[in-house]
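Q: Dock chain G against the given chain S, drawing on the hints supplied.
Chains as they are written, first to last, in my numbering: chain S, 592 to 995; chain G, 592 to 995.
Since the hints were derived computationally from the structure, they do not count as laboratory data.
Hints may be right or wrong, so weigh each one.
Note that the list lumps identical chains together, so a pair holds whenever it fits in one copy or between two copies.
As the list claims (entries may be wrong) - Straight-line distance between alpha carbons at most 20 Å, and here's what the computed DMTMM-like set of lysine to aspartate or glutamate pairs gives:
hint: 1; residue 1: K991; residue 2: E978
hint: 2; residue 1: K647; residue 2: E774
hint: 3; residue 1: K991; residue 2: D953
hint: 4; residue 1: K647; residue 2: E750
hint: 5; residue 1: K647; residue 2: D744
2 protein chains.
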Amino acid sequence: MMPAEDERSRDLPAGHSWIEVDYRFPPGADGARQAQMLAVGQTAGSWDARHSHREKELRSHLGEVRSLALQEDGGTVATIAFPRGNLDGSMGALLTMIFGKYSLGGVARILALRLPADYGLQPRFGLPGLRQRLDVHGRPLIMAIFKPALGLDAAGHAEILAQAAMAGLDIIKDDEILPDLAEAPVLERWRACAPIIEARRDRSGRDLLYAVNLSGDARSLQEQARRLVAEGANALLLNVLTYGFAVLEALVRDPEVAVPIFAHPAFAGALCGAPEHGLAYGVVLGTLMAHAGADAVLYPAHYGSLPFSAADETAIVAALRARAVAPVPSAGVHPGTLAQILGDYGCEVILNAGTGIMDHPDGIGPGVLAFFEAWERWQQGESLRLEAVPPGPLHRALEKWGGG
Amino acid sequence: MMPAEDERSRDLPAGHSWIEVDYRFPPGADGARQAQMLAVGQTAGSWDARHSHREKELRSHLGEVRSLALQEDGGTVATIAFPRGNLDGSMGALLTMIFGKYSLGGVARILALRLPADYGLQPRFGLPGLRQRLDVHGRPLIMAIFKPALGLDAAGHAEILAQAAMAGLDIIKDDEILPDLAEAPVLERWRACAPIIEARRDRSGRDLLYAVNLSGDARSLQEQARRLVAEGANALLLNVLTYGFAVLEALVRDPEVAVPIFAHPAFAGALCGAPEHGLAYGVVLGTLMAHAGADAVLYPAHYGSLPFSAADETAIVAALRARAVAPVPSAGVHPGTLAQILGDYGCEVILNAGTGIMDHPDGIGPGVLAFFEAWERWQQGESLRLEAVPPGPLHRALEKWGGG
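Chain S extracted, bound-state conformation:
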């Protein structure tokens, strides 16, 4: 029997000299032949007799098919081991090796990726670091999103933040679709919001993180991150899959950008959505994000507004938690989903609500308060059913969105 995906993707011991990948080939493909093509074609390349004098050097770089398992539906799952020495430690080189040219010809899906624990980067903060910055322990962190973001200027961002900050919010992030536009330049957004964060800290002693969305080319984006952090920005948001893992890695390595980085999953479906192609969500949003240094990773909760599978969510969370990266189940999160999320995750989670806060019938402040009210009831074992909840923000939220 195949182990569950979250088991299959566990890190290998630090110093391990192989990288292991599980590929699935669909029914009808010659899995054994395809696996051999991958192991050889993505490493030593051709094996012409003319290269026999170089056999020793080539052999040290050669991939190996470690196992082949025929599936019930006629597909094949192959485990291939690649020498770690073929790589420079970057995600770009890794993806080029394990799927690069092969992806243009063969039909295969990467189900799992096992990297040595010391391959790539560690998150600099992770969930423990976020808790330390916020000085919030023993409860889930509550996170909101500026929405609708397009058409909202810097002052509009500040107005929203003022309401959310007053209600005790922990983290807010830009909408991922808002780049550095002339009508709401990213630096102005931060400058308008910074005094509100400062005032909250002065008043309550509690920090509030604002993950500012980065955009541009790889260089201008990093310069933007540096300017933001130099002006006090305390968190960043990156659409890792549309900008590149290499951009995330550069930010994580930059001592001038010493703030937590939230990774957004936009575009992951282009890589992960098809059943027999691309890569499993657990690999892209779990293993790769965790080894590229993200501090927190967003992904759809399987009971949210996007049709996401529980197995994918489980695989993502296992890979993130193995490296202390904060899991951020998202999309369709509202106070009525809190019990279900905490049932799955316990408290070590960030609850990220966009419309589930912004569109609360009584406004943004009550939108945040409804989450805290739900958390307090849950913690004390009280029911979250509408009829059991007294009038107030949570009651109004449950009326609108259901759940509980």
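A: For chain G alone, kept in the frame of chain S given last:
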């Protein structure tokens, strides 16, 4: 009737204020509803009554479903127009808008993308610039690949290049799977090869471009590119899809990296390979590459060693040529495929052969000469069939690989 894909992906006039995308939804999906979700969800986001006071600002950012066409198989093709003003001009923001969050939930495939001609970057060299640098006109450019690359040190690269240079090769590139390894550091590879290129220029007056493979994180990769160019490197290779379009854009904008950039398609199949998900090859390897500033783009020739479709190849070439980017049909190219490629492309093409040069039975020099022999016969209308070709490099190549 739908226009052919290469027609559908034509650039819009410069200054055009919309970006148009054709999506296909599979049979069984409610195409009209999905299109609406895309147009609204990827722009204005939610349309809650609470935001009515912001309606004017939101409306200027709203996407519009421009057409819906039911396909014979029950699928739907929808054209959606997105305001250009939602973007900062980067490919990262573009991909986030047109497919970002939606890709996590809905099943759709992007068939075509029409960008204003002045969106993004122009190639700085393109095929005309490559010809000018090489001073080669009126014939296809001949390009080789260092293979097998892993296990080959800097001196080994130089040995191969010496043979190829003597035979008159125009361009050589690193294997895309060779990053900056301690056993063959990228700077040492260039330093070992530079004197051979210089000697060829002194001897024949003709330059030879060596596209050096970049790797690392976004910042170290760009520093590597700058160091290489400072030491005289005259071309670069980037795995655009595993490092990110943002990395390509940063290189193209960098005045310190004023050399042609070759874009490798490794990993494109993870985005483009599935029938109903992701993006068409013409969008990724054509439109996006051409608007991100690549000078030359590699992709599988449909009669090569990878099972690639002629329609995909046609769409890629149309998008590249619209911006003077050099098309580089690759994978399984050998002298026996020359007539077919030139029949399709004419002379305005780069013929890129890996094993088709390196594994020539008589060695690398004859591997290059076989291409020139084939070109001369083709130009003079002489047969390329084995029995018509006199003994020599081309005859030996046709014996080994067939074709003609």
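Q: Are there hints from earlier that the structure breaks, and if so, what are their numbers?
A: none
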